[in-house]
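Asker: Since the structure of chain A is already known, use the hints to place chain B on it.
This is what each chain is made of:
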Amino acid sequence: MAQPRTGVHVPLLAVASVGIYAVSLSGVALLQAQHDRAIAAERQPLLDAVARTAAERSVTQNAIRRAADALVGASDRYSTTLDASSQLDAALAALAVQVAETTGAAARLPTSVALPAAPARVVVQSAAVAPAVQATTGASGK
Amino acid sequence: MISTRHDLAVERFAARAMGSALRLVTFGASERDAAKAWAAVRTDIELTEACLSRFQADSDLSRLNTQTATAWTDAPSRLAAMLTVAWRAQRVTDGRFDARVLERLEELGEHAGVPLPPPASGIDPEAPWLQRDGRTRRFRIAQPVDSGGIGKGLGIRWALRAARSAAPAIEGILLEAGGDLVVAGPGPDDGAWSVGVENPSGGDRPLAVIRALDIAVTTSSIAVRQWTGPDGQPVHHLIDPRNGHPAQSGLQAVTVAHRDPAWAETWSKALFIAGRGEVGPEGRRRQLAAWWVEEDGSLHMTPAARDLTAWTATEGDTT
Chain A
1 MAQPRTGVHV PLLAVASVGI YAVSLSGVAL LQAQHDRAIA AERQPLLDAV
51 ARTAAERSVT QNAIRRAADA LVGASDRYST TLDASSQLDA ALAALAVQVA
101 ETTGAAARLP TSVALPAAPA RVVVQSAAVA PAVQATTGAS GK
Chain B
1 MISTRHDLAV ERFAARAMGS ALRLVTFGAS ERDAAKAWAA VRTDIELTEA
51 CLSRFQADSD LSRLNTQTAT AWTDAPSRLA AMLTVAWRAQ RVTDGRFDAR
101 VLERLEELGE HAGVPLPPPA SGIDPEAPWL QRDGRTRRFR IAQPVDSGGI
151 GKGLGIRWAL RAARSAAPAI EGILLEAGGD LVVAGPGPDD GAWSVGVENP
201 SGGDRPLAVI RALDIAVTTS SIAVRQWTGP DGQPVHHLID PRNGHPAQSG
251 LQAVTVAHRD PAWAETWSKA LFIAGRGEVG PEGRRRQLAA WWVEEDGSLH
301 MTPAARDLTA WTATEGDTT
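Residue numbers (our numbering), protein chains in the order written: chain A, 1 to 142; chain B, 1 to 319.
Hints listed in this document are in silico derivations from the structure and should not be mistaken for laboratory results.
Glycine residues also receive a C-beta, built at the ideal position from the N, C-alpha and C atoms.
Hints are all accurate, no fakes.
The following residues of chain B were derived to be distant from chain A, with all beta-carbon distances above 12 Å:
| no. | residue |
| --- | --- |
| 1 | Pro-76 |
| 2 | Gly-109 |
| 3 | Gly-250 |
Listed below are several chain B residues computed to face chain A (Cβ distance under 10 Å; list not exhaustive):
| no. | residue |
| --- | --- |
| 4 | Val-10 |
| 5 | Gly-19 |
| 6 | Glu-176 |
| 7 | Ala-177 |
| 8 | Gly-178 |
| 9 | Gly-179 |
| 10 | Asp-180 |
| 11 | Pro-206 |
| 12 | Ala-208 |
| 13 | Val-217 |
| 14 | Thr-219 |
| 15 | Ser-221 |
| 16 | Thr-255 |
The following block holds chain A by itself, in its conformation from the complex:
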């Protein structure tokens, strides 16, 4: 009876298996890389949009801050105006009281007042002695 030959076949099979595994692993890795690149390419517009949105958000934030500052300033001025208006209002109220008092007084005045006649001419009297002169202007032909 012949004895089975096992010494050569087993290593060959093992090497072959390892080779097949390695090739398979390389193929899988390659496929995985390709897939990853495709996904990255698909995501790039989205990333760009996100970046633009972020930049725009920054601009908007600055505008909002400026508007907020302006609002604060306007608010301060309004407060100042409001104070002046309040003071004016108070002054008007006081004036109204005075007007009311004056009106009351005026109502008690006579409807006509007889004034003395004003002089039609005012005569200014100067020093009686005229200053000495170098010449006199007057009628022609003298």
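Answerer: Then chain B, alone, in the frame of chain A:
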């Protein structure tokens, strides 16, 4: 009444010219310079008289008047200046000054003794009475004209210039011709000249005293040159060109101070013609220094005149 209040010399000269008194007062001048100035004044006034007098038959003005509307006439520079100022004065004063009143003066009896062409029908304020040929400097007039106050104003303007030129070292000069005067440079009263405003009612006492410095002062008055007209009515020489009659203005006199004596004359006459109701508003509107005496003898003045007034006797309130 003449006085001096300063150590510097005051020299005085007097003569008659242009039918009235001619006086020169110098201040701060040597006798020699003053004499030179007086000689220059006399010579220059004679030149003006020979050119502009309507009382001299051979004056340039009389020759022009005899050639009315017929021919172009050469006009010496003084005559040309007088005609030009008179033409402008008529327009500026809205016809209250008009050199053509000469015919009316002759008709009313103020004869110059110089023959004139037959009188025209009257004064048309719109008629262009003066034509000028700028190329040949020749003139043609439609009616005889009188240099009037403008002639005298120009006369003292030119004579002052001649005196200044003859004796430039003189500090101050006062030159007067028949009540119209001009002062240049400082005077003996604290650097100015004191000029009295005559009382047209008479007397030596002035109605006001003006502090004058580099200015001309003239007066239009009816205190003199009054006579009885052909119809037996009293008339005077200040003719209202708008109606051809002696002005019934309610005034006795108007005095105006102006930088130029010819224009002072123009305005004193124009304001007199304007009359009592208009003299104040017109004087104020034109910012003239004007004093006027109403028929009742009261003195009034414009604000510009008040600035120049150093003293008044009595004064009304219509400033």
